[in-house]
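Student: Based on the hints, put chains B, C and D in the right spot on chain A.
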Amino acid sequence: MKRLNPYLTGGITPDWIDYLLAFQAAGADAVEIGLPFSDPMLDGATIQQASDQALRLGASVASILTDLAAARSRICIPLIAMTYANLVFRGDPFTTGPATATGPEADPEAGSGPEAGRSLGAGSGPEAFCRRLAEAGITGLIVPDVPVDEADRLEAAATAAGIDLVLLAAPVTPPDRLAEIGRRSRGFIYAVSVMDTTGERDALATTAAPLAARLKAVTDLPVLLGFGISTPAQAATAARAGDGVVIGAALMRRVLDGATPDDLRAEVAAFRAALDQVDQEVPAATAHAEISGHRR
Amino acid sequence: MKRLNPYLTGGITPDWIDYLLAFQAAGADAVEIGLPFSDPMLDGATIQQASDQALRLGASVASILTDLAAARSRICIPLIAMTYANLVFRGDPFTTGPATATGPEADPEAGSGPEAGRSLGAGSGPEAFCRRLAEAGITGLIVPDVPVDEADRLEAAATAAGIDLVLLAAPVTPPDRLAEIGRRSRGFIYAVSVMDTTGERDALATTAAPLAARLKAVTDLPVLLGFGISTPAQAATAARAGDGVVIGAALMRRVLDGATPDDLRAEVAAFRAALDQVDQEVPAATAHAEISGHRR
Amino acid sequence: GRFGEFGGRYVPESLVPACAALEAAFRDAWSDTAFRERLAHLRTTYAGRPTALTAAERLSAELGVTLLLKREDLAHTGSHKINNVLGQALLAQRMGKTRLIAETGAGQHGVATATAAALFGMRATVYMGERDIARQRLNVFRMELLGAEVIPVTSGSRTLKDATNEAMRAWVAAVDEAHFCLGSVGGPHPYPWLVRELQRVIGEEARAQTPVIPDVVVACVGGGSNAAGTFAGFVDTPARLIGVEAAGGAAMTNGTPGVVHGYRSLVLQDAAGQVLEAESIAAGLDYPGVGPEHAHLGTTGRAEYRTVTDDEVLDAVRRLARSEGIICALESAHAVAWVLRAAGTPDLPTGSTVLLTLSGRGDKDMATLAGEVR
Amino acid sequence: GRFGEFGGRYVPESLVPACAALEAAFRDAWSDTAFRERLAHLRTTYAGRPTALTAAERLSAELGVTLLLKREDLAHTGSHKINNVLGQALLAQRMGKTRLIAETGAGQHGVATATAAALFGMRATVYMGERDIARQRLNVFRMELLGAEVIPVTSGSRTLKDATNEAMRAWVAAVDEAHFCLGSVGGPHPYPWLVRELQRVIGEEARAQTPVIPDVVVACVGGGSNAAGTFAGFVDTPARLIGVEAAGGAAMTNGTPGVVHGYRSLVLQDAAGQVLEAESIAAGLDYPGVGPEHAHLGTTGRAEYRTVTDDEVLDAVRRLARSEGIICALESAHAVAWVLRAAGTPDLPTGSTVLLTLSGRGDKDMATLAGEVR
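Chains as they are written, first to last, in this note's numbering: chain A, 465 to 760; chain B, 465 to 760; chain C, 2 to 375; chain D, 2 to 375.
Isolated chain A (complex conformation):
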């Protein structure tokens, strides 16, 4: 079955959990929750704007996880966090040099003593980060600016916390590296279908299908295509090349424009229908078995 992973910026509106529930109701296989960061290097204008709006509304990793924990009983699909390295490694212990305070602001995430700035101690670093994700019911993690070369410690931390660290592959990724990504990724592989940032496009990039094919050749993990998949028709095309799609900017633009959770449910349902249509084209033998832990 072709997978549909819609993306939702955590905290984009005060009632953002309603969008999450709408995505679920519309048939999402999993939802990617964006933990907003001030400097989202790989995001285009729409997701940047969504992140900025969430941050302005006071969203933080802590607040988003709290919201998710509160909604836990109503969520029955896997949740995957997507964020940037700085939030993942935040408070990573720092062993040498002068101590500096970041200021006395009382923030639930920071220690409050004078030593809080340079080292947040046991409650910080990728280990604590992954643990906190797991505690909030999240089962996967995508960090686009942590390539496989920089992933060792995060990989270990994720494994220890029972989180799937999903790695990304790009059209320019060379074969040996693609193989390593295939080997080390968990849950699925995120195929960055275009050499560009996130954002809507007029057509699916020509690089999407070849990348998916190359990935399928080196791994048995599901290959989900993301970046620039803007319409159900594009999603269907992408899904034919891989095992599913991530839809981000096309949905977030509508939320930013004021669409309601109901509106978004219809939107996601249209993508679901398109993918289901593709499923019917595909002989059952080539469909992958569901990966344990990704639908519960």
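Just so you know, these hints were derived from the structure itself, not from any lab. Heads up, the beta-carbon is just placed ideally off N, CA and C, and yes, glycines get one too. You may find that some hints are simply not true.
So the derived label-pair ranges between C-beta atoms look like this [what the hints assert, rightly or not]: (1) D:ALA56 to B:PRO638: 36 to 44 Å; (2) D:TRP31 to B:ALA620: 29 to 37 Å; (3) C:TRP31 to A:ARG718: 34 to 42 Å; (4) B:PRO638 to D:THR238: 40 to 48 Å; (5) C:TRP31 to D:THR45: 43 to 51 Å; (6) D:GLU205 to C:ARG124: 55 to 63 Å; (7) C:ALA371 to B:ALA489: 54 to 62 Å; (8) C:THR34 to D:ALA371: 52 to 60 Å; (9) D:THR45 to A:ARG520: 52 to 60 Å; (10) B:ARG718 to D:GLU205: 51 to 59 Å; (11) B:PRO638 to D:ALA135: 41 to 49 Å.
A few chain A positions that, by computed beta-carbon distances, are all more than 12 Å from chain C [as the list claims (entries may be wrong)]: (12) ALA526; (13) ASP609; (14) ALA620; (15) THR623; (16) THR661; (17) ALA667; (18) VAL682; (19) ARG704; (20) ARG718.
Partial chain C-side listing against chain D, Cβ under 10 Å, derived [stated by the list, open to error]: (21) PHE36; (22) ARG72; (23) ALA118; (24) PHE121; (25) THR155; (26) GLN210; (27) GLU325.
Tutor: Using the frame of chain A, we list chains B, C and D on its own:
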């Protein structure tokens, strides 16, 4: 008798000859006629403004000499031209290099052929300039930017035309040079009483009397003090040190401000009275005999 | 690319091959005599190197120290940035790239990039924050005159931080034909190393020009490229190394470990890990991060970092101008301001010899200064 | 002081002793090894000399000539003017003067004078036409930052001509303590000779830097100091010497013999002998006279003079920027404009080697250019 030489910018108003006649009526011993130049290096703001106004009204050496010739029968005191080197040497033959035209404007001073620019031929250069002054009834010439070192040719031209080339001396002029100036000047010596441009001052410069005394020690020519002599009282003080004064900016400022020839007659008369007063202080034995040719 | 626990290559997979290729190309070029000779030739015949070392005699006498100024303000385009871009443009040409993408703060790196692009007949696209565009109009016009496209960045703080994000995003989309001509010693590996190597000419020239090893070597630090290049010439000597930050943009002094723009270093960030906007009168120092080598030099104690305020900087510009006839950039004036404050104190005792890198000239800052100084 | 029938010392008696003293002091200093060494030291360690000689490779290829640029734009303060003022300020100091008075057009000489005054701890007063102040605000602010007093000149054309008058008037009133730091090769003797001698470093360096004697040596001419300094290095060679004037300020081309500002030369004047206002986009060339040595070189045929229009100049600025990454001053662009026009014609045949002095950088002209180029 202490001499009074008021200065008048030629062409400063359309009726500028009336000011000249007023100066004469008020007892001027001679009048200095300024032939206006665009770049009067040694003049302060007032005389610059007077020159600019005259040029704007269309004054030129030719027009001023024409006006003077027309008024000749009414003028019975000596006239001394004061101007800058560029007007004196204008059209000085230029022997080498490419010919260039200054443009076809019909000007009474310029030849009108294509060769007019570089060399104005027989009607140009200091010889012709002095001849033209003499023809207009002018008997003296002051050129502040032709120091004695650059004066040879002009001196010969002036002598040939019967014009007294009046040289200037400054407070900084060294003794040997002062002696040379004393020897070569004709008519009188113009003592630049202050190290500054022309223009009114609150008080007579302290350099005035010492310069006059130094000049009196090296020459028998009359020594007239000029620059910054602004009031009858200052004129009296200056006249005690020398043989008379030149009054320029103080008068031209009044003309620029709109004073009439009658107003100026009163003004010059006040200077005359102050000098006459000084004459009465002076024992007759020390007064110089009148220089021939300077009052007729 | 790694300096102790700092540095690294925290970039999207899309950029990893380009970073790797750049690293390989630079390693190859840097050990190629012909490449180094070509660069040296350009530095001499085009960029005006070696730059002078000027003894600031009047200021030295007033302060009781011997102050020597390394005059990067005399380099072509008016700052040390040309050292870096000439090397990167040569490298880009060697790699077959036809286009340069750059970020810029004060505009000096943008002008240098536009210059190198013109010289090599390449296309240049420069990302610049809207706020910086407003305060550095002169440099915007220079870039455009040189044929570069200047793209205003309206996101975030609208300064160097966001211009850097945008430049990296643009690189993702043009990685085949474009070289990302990064302006400072930040960014993913190999940039911090590559830029330091290209800037070490400052320190090496200065060391050859100074009769004795100075007691103190000082330079301003935003991202830190002029300081890194200067320090490189003296890191193996007993000279104290001092980097001077803007009080409002002092990642070394007030930052905590973090990852931005592809590298791990000290970063100005709030308690939740969001990167803060720097705030300095010098557009070139309005940057919340700092090169990873500085983080390493600072945490190991080999270099020390100080901060000065905008007011001290304005005073320093004026004082250097009136004492020595040199109008330096607001950025460079940070180093001068520290010397003015520290001279005669235990931090810079009377009698010390100080080598100070004057990273650039102040022409670009006249509009800012006209509003602030008098 | 005399160049054939040109030159001389047409000044009020009040200034004669000062001119004579300056001449004596310069003769004495110029034959004093210690003075020349001190000047050479300043040139090297302060002003950034020798300036580079840059082969303009892309433009050369396009034009079919070998174009070599003598980079005075890289000198401290951004033009060749610093060569002159450093020498004059040293001389003024040697003469016990405590103050410099200067005229300025584009402001480059004013900035250079203010710089030298700051360096030597002297007072500086700079006269500048109101019209030039309006179009060269950057330089006005630079002068003020350097501690100089800038006095607006409101008389006449409100440009360099009248600023020169005012400066000379001011000198009369302050001749004891002040040196008149004249910026070009005009003025009364000894200035045309003194300034040429101080600027000959351009030509001498260039001659040492060029592998062969160029076929043509070209420089822009307003008063003509950068050209005089350049020509001085090549006058004894077979190189053709070309001075390029602004079409609207071409005393060599359209002037007639006259006396202004203390010297006899070719002057733009009307038929009645009133000096005309020059009209050029380059404030530094808005001058109706020209140094007497140029009048001599031109009338004897040793040098040739050409004119270019404002439009050609604007195009030259842009073309040099886009081809070579060098933004030159509007003044300097006159020389470039002539090369662009003449290359491939009998006036500058294909295959010629051209040495061109780029007298200054264009930062000061950005406001003007922003309005004119795009």
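Student: Please name the hints from earlier in the document that this structure breaks, with their numbers sorted from lowest to highest.
Tutor: 1, 3, 5, 6, 8, 12, 13, 16, 21 and 25
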